[in-house]
Every structure is written in structure tokens, then in C-alpha cells.
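Q: Here is how the chains run, residue by residue.
Number of protein chains: 2
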Amino acid sequence: MTALSIREVGPRDGLQNEDPVPADAKVRLLDALSGTGVGRIEAVSFVHPKAIPQMADAGEVWARAKKNPLVRYSALVPNTKGAQRAVAAGFTEIEVVVSASDTHNRRNVNRSTDESLDDIAGLIDLLHGAGASAEVIIATSFGCPFEGDVDPRRVAGIVDRLVADGADRVAFGDTTGMGTPRRVEDVVGPVRDRHPDLPLLLHFHNTRGTALANILTALRLGVTEFDASIGGLGGCPYAPGATGNVATEEVVHMLEDMGYDTGIDLKALLEAGRLAQEIVGRELPSGVLKAGPRIPL
Amino acid sequence: MTALSIREVGPRDGLQNEDPVPADAKVRLLDALSGTGVGRIEAVSFVHPKAIPQMADAGEVWARAKKNPLVRYSALVPNTKGAQRAVAAGFTEIEVVVSASDTHNRRNVNRSTDESLDDIAGLIDLLHGAGASAEVIIATSFGCPFEGDVDPRRVAGIVDRLVADGADRVAFGDTTGMGTPRRVEDVVGPVRDRHPDLPLLLHFHNTRGTALANILTALRLGVTEFDASIGGLGGCPYAPGATGNVATEEVVHMLEDMGYDTGIDLKALLEAGRLAQEIVGRELPSGVLKAGPRIPL
Numbered sequence: 028m029t030a031l032s033i034r035e036v037g038p039r040d041g042l043q044n045e046d047p048v049p050a051d052a053k054v055r056l057l058d059a060l061s062g063t064g065v066g067r068i069e070a071v072s073f074v075h076p077k078a079i080p081q082m083a084d085a086g087e088v089w090a091r092a093k094k095n096p097l098v099r100y101s102a103l104v105p106n107t108k109g110a111q112r113a114v115a116a117g118f119t120e121i122e123v124v125v126s127a128s129d130t131h132n133r134r135n136v137n138r139s140t141d142e143s144l145d146d147i148a149g150l151i152d153l154l155h156g157a158g159a160s161a162e163v164i165i166a167t168s169f170g171c172p173f174e175g176d177v178d179p180r181r182v183a184g185i186v187d188r189l190v191a192d193g194a195d196r197v198a199f200g201d202t203t204g205m206g207t208p209r210r211v212e213d214v215v216g217p218v219r220d221r222h223p224d225l226p227l228l229l230h231f232h233n234t235r236g237t238a239l240a241n242i243l244t245a246l247r248l249g250v251t252e253f254d255a256s257i258g259g260l261g262g263c264p265y266a267p268g269a270t271g272n273v274a275t276e277e278v279v280h281m282l283e284d285m286g287y288d289t290g291i292d293l294k295a296l297l298e299a300g301r302l303a304q305e306i307v308g309r310e311l312p313s314g315v316l317k318a319g320p321r322i323p324l
Numbered sequence: 028m029t030a031l032s033i034r035e036v037g038p039r040d041g042l043q044n045e046d047p048v049p050a051d052a053k054v055r056l057l058d059a060l061s062g063t064g065v066g067r068i069e070a071v072s073f074v075h076p077k078a079i080p081q082m083a084d085a086g087e088v089w090a091r092a093k094k095n096p097l098v099r100y101s102a103l104v105p106n107t108k109g110a111q112r113a114v115a116a117g118f119t120e121i122e123v124v125v126s127a128s129d130t131h132n133r134r135n136v137n138r139s140t141d142e143s144l145d146d147i148a149g150l151i152d153l154l155h156g157a158g159a160s161a162e163v164i165i166a167t168s169f170g171c172p173f174e175g176d177v178d179p180r181r182v183a184g185i186v187d188r189l190v191a192d193g194a195d196r197v198a199f200g201d202t203t204g205m206g207t208p209r210r211v212e213d214v215v216g217p218v219r220d221r222h223p224d225l226p227l228l229l230h231f232h233n234t235r236g237t238a239l240a241n242i243l244t245a246l247r248l249g250v251t252e253f254d255a256s257i258g259g260l261g262g263c264p265y266a267p268g269a270t271g272n273v274a275t276e277e278v279v280h281m282l283e284d285m286g287y288d289t290g291i292d293l294k295a296l297l298e299a300g301r302l303a304q305e306i307v308g309r310e311l312p313s314g315v316l317k318a319g320p321r322i323p324l
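The listed protein sequences correspond, in order, to chains A and B. All residue numbers for the first sequence refer to our numbering, where the first residue is 28 and numbers rise by one. All residue numbers for the second sequence refer to our numbering, where the first residue is 28 and numbers rise by one.
The shape of chain A in the complex, shown without the other chains (with noise of 0.2 Å):
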């Protein structure tokens, strides 16, 4: 059996795009998905809290959660002062985001990618003398709602720079769902040939139906890292109603049943996402939270 490292995105990239929830809420959902055997979760980002009230208690949510000793947790931060703030709670991993495309990284930190770029290097280093490790986010990997397809040898160009800076890990976020299963193959093919040691880690949403087909391509190309959130928590910020993050339950149901391990046991997981559809009080698109598993456990 394969191992596959899938990492918990909900607490952060879930709760981040809900409506925001009380500290208590985020620490009981924390708590009862670090008992599902997941290897890694998203666990929030120290942001600032008039750009995202949902973040606002990032720190007592990190200070009240239970620490599995069996879990990696990481923390996202867009600059200097939340790496501090993340490192100074603890976190050894910190994610960074940068966007493929220059009119999406202008739109959300207003400057391009190339400047974003250079901010990084600094960070990679500064995170690395704090003794953490830094993993960069290229967002809008698969395609941008602004400028519609990104060219996958820019994407590439961009890894060749942060290897170069020193990044510990990449991830392609596919930001709006425009990922299929050709934009995989064109965009991580190469990246996985130039850097076959690379961690790197997709990141895929829902919302044209195509996320466990491209997970499915993506494990052909010898990818084994994926984020995913529970109950597919998060909607997608570019289309009200629609489906954002592919669902934790989805992602391990279809994998368990094609013999890859991921270590998570469904029945808690499942628990999970009843706990997170009561901590949001809304239905969430997780079709296996709906249907329950093809055999009933």
C-alpha cells in the first residue's frame, strides 16, 4: 500500500472563508480531527484581523488546542510580522502564499508576483533562522479568474525560483476550481521531472466536479501530498453557493477504496464533518458526509 500524507485544511482555508465562528467552535474542531489520524493539519494563519476577522484568535484557538505529538501543524502567514507571531506560538511549518498570476497576487497584496517573490526569499529566511521550515502556496496554479489560463512554464519559472530561495516545500493551490485532469499533467508533470525531490503538495477545489479526477492524475504523475477539508468547509469566494475546497471525506473514501493508505479512520473523520456542518450551521457539499460510505462502516 502507498502512504499518502493528506493535510487538514479546514480550521484554517475552511473556517477562513465561513462566516466567522466562536474560538471555542474552531478549538473542539481542531481537537477531534487531530484524533482522526490525519498526518498534518492547516491549523490557522496569523493574518490581520481587520483583513480577516475569522483569524482574529488565531492564537488562543493554537494556545487551547490539543497538541498530538502524532500531528504536523501548520500555520499560513502573508509577511514578516505573522511569521513572528507564528513561530513566537510555536509553529515549525509556515506556509506562504504567492499567485501565479500577476493579476490575482496584484488584486489580493497589490504588487506583482515578482515582487511577492523577492518578499519571500526574505521570509524563507528568516523563518529558516527561526529554525522553521517554509512551504510556498502558488495559487492560481491551474488557472485564474482573471486572466483565464495560466502558462504552466510560468508556474515552473517561479519553482525554479523558490528552489533557488531555499523553500522547503511547494504547493499549487488550484484557487477557483479550474484544475483538470490535462492542467495536472501540464503543469506538475515538468515540475515533478526538474524537481523529482521537491515536496510538493496540490491543493485542489470542487467546483466544476473535477477535484478527485485530478487527484487521480496527479497520483499517476507520483504526487502523494494533498490537501483537503472537511466536509469540503471553505466556498469558493468567486462564485457564491459553490463548492470550494475538495472534501477530507471524499478524497480518503476514494483512496482507501483503491488500497492507498492515508491513516485516517472514515468514522472519526466522518464525526468531524458532522461537527464542523454544526459549528458552520449549514450543509456542507462533502457528498460522502451526505450519502455516508459506499459500505456502510
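Treat the hints loosely; a few may be bogus.
Which copy is meant is left open, so a pair is good if it fits within one copy or across any two.
[Stated by the list, open to error] Taking lysine to any residue pairs in the SDA-like style, the calculated list, with each CA pair at most 20 Å apart, reads:
{"hint": "1", "residue 1": "K294", "residue 2": "G66"}
{"hint": "2", "residue 1": "K94", "residue 2": "T107"}
{"hint": "3", "residue 1": "K77", "residue 2": "D145"}
{"hint": "4", "residue 1": "K94", "residue 2": "A52"}
{"hint": "5", "residue 1": "K93", "residue 2": "R55"}
{"hint": "6", "residue 1": "K294", "residue 2": "G175"}
{"hint": "7", "residue 1": "K108", "residue 2": "P76"}
{"hint": "8", "residue 1": "K294", "residue 2": "A266"}
{"hint": "9", "residue 1": "K294", "residue 2": "D176"}
{"hint": "10", "residue 1": "K93", "residue 2": "D192"}
Calculated from the structure, these hints are not laboratory results.
The hints should help you fit chain B onto chain A, whose structure is shown.
A: Chain B only, in chain A's frame:
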């Protein structure tokens, strides 16, 4: 570009699993769909109106619908009487169903799979005598909600018998969305090897998110014919609120991006999807309908 044959099943399989709608609405939907470029449409079923009130007006609907000479239309029938009605209405492509799982078959028609196969052998002769072709849909091919996994050898044995009995086409139905890429390989692979020239059609439900991953797997096995339902019309009878048929928009959107030729105009298809939503008065599960295509048309 590899040409694929998509059969649109929304007017029959979709609407049969929704609350009844007027004949007028059904005719409008059929006419909208036959103008999308789709090559095949499952139009109606000729079933007892007490058993399935949604299809009580099948004759009227079919008589009033435009007949696009570029579209192959089919009708589903449960028995001799239905077959006679379908042939009398002018259909030359007829579908009948049998379940791979004995329990599912008994619950549906109160006889064993073998008993149904005996009936179907007679139906095939009757249809051939009337100048019509006979497709047999094997329901629960990828799993049964009552029995769980269905042995692929059992499915293969049913196909052998159907071929011997003269079936013109065979379809594998993922009746309750239990299909996964592994199940597709296990069920489809051996049948393709044994009957390479048998027209084989796959019918997936997206109940647990796997439909497009399953289609991707089947494409790799050489399958080129797939069912899909406009908007994802037709719920899942075993899990209220859950998704049933895979949405035609999602299938076309992904496959065309991968370079396959479905012959379908996505813009016209999305208009038909909006009509389908209007007709049933609820939001349908199609992600492409909700969020729009990855690149605006």
C-alpha cells in the same frame, strides 16, 4: 481528437427521480437538449403510470418533442408491454434494466437476476423482430446498497449471457454512486478484454464525488460512451438530498478541456441546465452550472 458519445439522460432518468413536472416542461427540456449537439438522448420510459407517475405522459411528450435527425433517441421499458408501446411510438433504440445484485433486483421487480435475464432474452427477440435494438443496463454493477460489493465476475457473467442472448449494447449502472476508479478497473477491464467489440456505456452517479474520476479511469480502459444528466437532474433515491446522476455540464467541461470531442456546445448545454433548474424549481448539483466554466464562454 477522440470522439466521445455522451447520452443525455435528464429527460428520462433525471425527471423520473424528481417530483412530477408537466408534459410541456418535458417537451421544452427535450427540445433544448436536442439543440446542444448531444448525439444521444434517453427521452422517456414506457412504464406503468401507477408505478412511475413522472412518466405517465411519455407518449404525449414524445409525440410533441422535436425529432432532431442528428440525435439518437432511446426509451427505457420494463417489460413486453412497455417495449410494444415504445416501438409503436417509433423508438428503435430500447433499453431494459436488470440488477447485478439479486437483492436489488428482487426489491425492484420481485424476481431474481436470473429470472429477469430469462425475461430479457425474450424481450431482445421481440425488439429485434420489431426492428429495434436492445440495450441492457446492468444496475448496481459497482456495488449494491443492500449487498455491498458486487463480485465483478458476477457482472462479467451477466454480460456473457446478454451477449449470447443477442443484446446490442450493454451499460453498467452505478445506481447508488458506489463506483470508484478501482471498481471501474475491476468491472470494466475484464469485460472489455473479453468482448472488445461490444458497445459499452457507463452510467455514473456522483453521490460520493467520484464520477469524473471514474470516467477518467474508463477512458483509459478504452470506453467512449457515457451517460450524463443535465444539471445533475435526478436525486439519489437512497439518500435524500444527495447527488445522483453526474451532471452533463461537468462531463463535457472536463472532457473537452482534455481534448476529447463530445460534439456538445457547452453554452447551449448551460442554457438547458438553467431550464432544467427552472423546471424542477430547485438548484441542481452541477458545479459548472453554479460557478460557470473555468474560462467564461
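Q: If a hint holds in the structure, say so; if it does not, say that too.
A: These are the hints, each one checked on the structure:
Proximity of K294 and G66 under a CA criterion of 20 Å is satisfied intra-copy only: 16 Å inside one chain copy versus 43 Å between copies. When the C-alpha separation of K94 and T107 is checked against a cutoff of 20 Å, the pair qualifies neither within a copy, at 25 Å, nor between copies, at 66 Å. Within a single copy, K77 and D145 get their C-alpha atoms no closer than 25 Å, and across copies no closer than 70 Å, so neither meets the 20 Å cut-off. Within a single copy, K94 and A52 get their C-alpha atoms as close as 16 Å, which meets the 20 Å cut-off; across copies the closest is 57 Å, which misses it.
Proximity of K93 to R55 under the C-alpha cut-off of 20 Å is restricted to the intra-copy arrangement: shortest distance 9 Å within a copy versus 57 Å between copies. For the homomeric pair K294 and G175, the shortest alpha-carbon distance between copies (17 Å) is at most 20 Å, but the shortest distance inside one copy (39 Å) is not. When the C-alpha separation of K108 and P76 is checked against a cutoff of 20 Å, the pair qualifies only within one copy, where the shortest distance is 13 Å, while the shortest distance between copies is 69 Å. Taking CA atoms no more than 20 Å apart as the test, K294 paired with A266 passes between copies only; the shortest distance there is 18 Å, against 31 Å inside one copy.
Proximity of K294 and D176 under a CA criterion of 20 Å is satisfied inter-copy only: 19 Å between copies versus 39 Å inside one chain copy. In this assembly of identical chains, the alpha carbons of K93 and D192 never lie at most 20 Å apart, being 34 Å within a copy and 63 Å across copies at closest.
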